[in-house]
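So the protein sequences, as listed, match chains A and B. Note that the UniProt record's numbering numbers the first sequence so that position 128 is 128, with each residue one more than the last. Note that the UniProt record's numbering numbers the second sequence so that position 326 is 326, with each residue one more than the last.
Source of the hints: derived by calculation from the structure; they are not laboratory data. Treat each hint with caution, since some may be false.
As the list claims (entries may be wrong) - Some chain A residues close to chain B (C-beta under 8 Å, calculated; not the full set): (1) I17; (2) V42; (3) F44; (4) L86; (5) L93.
Note that beta-carbon positions come from the ideal geometry of N, C-alpha and C, so glycine has one too.
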Amino acid sequence: MNFAHLGFLLFSLAGMIILDARHKLFFFHAPLRAAVVTVTGVAFFLLWDIAGIVHGIFLHGASDLDTGILLGPEMPLEEVVFLTFLCYLTMNLVALVERLLEWLQNRPERQSVPTARSDSDRSANAGGDVS
Amino acid sequence: MTYWELIVIFCALAALPLALLVGSGTRHGKRKVTTVVVVLAILVVLTVIFDSLIIAAGFVEYGEATLSGIMLWKAPIEDLSYVVAGALLLPALWWALRRPGHVWGQVTTWFATSRPISWVNTAYPFAAAYFLATGRVDDVLVIGTLFFLIPYNLMMYGINDVFDYESDLRNPRKGGVEGALVDRSQHRGILVASVLISLPFVLYLLISGDLAAGIVMAVSLFAVVAYSLEGLRFKEIPFLDSATSATHFVSPMVYGLVIAGVPWSWSMMAVTCAFFLWGMASQAFGAVQDVEADRAGGLSSIATVLGARSTVWVAAGMYLAAGILLLFTAWPTRVAALFVLPYVANLVPFLRIHDAACETANLGWKRFLWINYVVGFAVTMLLIYSRVTA
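Take the sequences, apply the hints, and build the full model.
This is how it looks when you write it as structure tokens:
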């Protein structure tokens, strides 16, 4: 049994959890919703794996660095951990990018508010001058 | 099936929720799409780097024969497919679940639009034809049956409901099992859903079948669209309305036979023609109850042109012709000639119907829906018998 591959994946997954906990991105933002998304995502990828395995396209082949634990024919334990990690990474990125885009979109609006006010002040002054 | 065909089908499936979300007019749709694109770009770069490192370190081994051989550094291009699918699927689910009540509302609207009571009418002809021809339960049978069960009906009735909205408003019969009247605000979502949900299935079936099967699929989908789409509106062209409607039910069966690759016999031709006549007759009789409503709404159909009584006679004639055709098929299929009799009997009370009383034919239409289940059961028994004795 070799835990190199699994250990590497769990280490990466831990990184995702820490990032999530620090910035409240996914599970730390809406736990139930995150769970549904993750389970659906992993199930979707597993279905894809199974379709590939059934058609003889995917041959994962046990590597020397794997634990050797198989959840099914050609389906190492590492695959499920990897798919979970991939879903977590994707959703952490989605939350971060969404926040970034929101911030970029709101920033010029905040700047334009005082500008607009000073413009209207100016026109009010101009009106005052005419009268 | 090859790796790339698998990728196309699963990516189409993965893109479905996002396309439905954006297509049905979600809030901040543009920002959501931008988010997905940016995430996708980051993930692709990360995948190329880390996949290459993992492969270089020897964590993963590949059956190289199945890959295209296109490499991004040390990563096979196929490895990007999971990342692409994940970036399309997961955020869409995440956003959709933010308003689960809204999503549930949309799903139930689509469900009602697809007329669950009619699902079996299109799925069964396909499944029975394919299974009888091949004797196998395989991917094509399962995916094809699912397609003709739900997405096909959602497309057919979805397009129909949206383009019939104005005339349906004036028809008090619509809004229950026989026709779901949906609010104008839902129209865009229904059209998007009807096309997109079918897409992964159609892709799979096109990849699995040969050219002939592809042509049958094209005819079938054309009939579905042309029946009610603005500009074609085959349902308003007398006789073409009945023929198009018959195609809706016969083409799944023909598709099942063609994708199974069985040679055509005279018996099969006769069964197909008989089924087509049954479909035309049923559509024509179904139009009788709407003669007055259609005329008031400025719509035409086989029944508004011929009048209620003549249409009933024509329908009865077509049912009988179907029965006569079936007499020329091989034993035990010949027994099916008897199955047209309940349909003819159902029309007898309406042989002297007047246009003004056309709505009384609705009673016959309701009975027709039940006869379908009973005769469908009889057809199944006959199929099993012929399968066992063959």
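Consistency of the hints with the structure:
Interface hint status for I17(A): violated, as the beta-carbon distance to the closest one in chain B is roughly 17 Å, over 8 Å. Annotation: V42(A) was flagged as interfacial toward chain B, and the flag is violated, the nearest CB pair being 10 Å apart, outside 8 Å. Using the Cβ-Cβ criterion of 8 Å, the hint placing F44(A) at the interface with chain B is satisfied: the shortest such distance is roughly 6 Å. About 6 Å separates the beta-carbon of L86(A) from the nearest beta-carbon of chain B, less than 8 Å, and the hint is met.
Hint on L93(A) holds. Least Cβ distance to chain B is approximately 5 Å, under the 8 Å limit.
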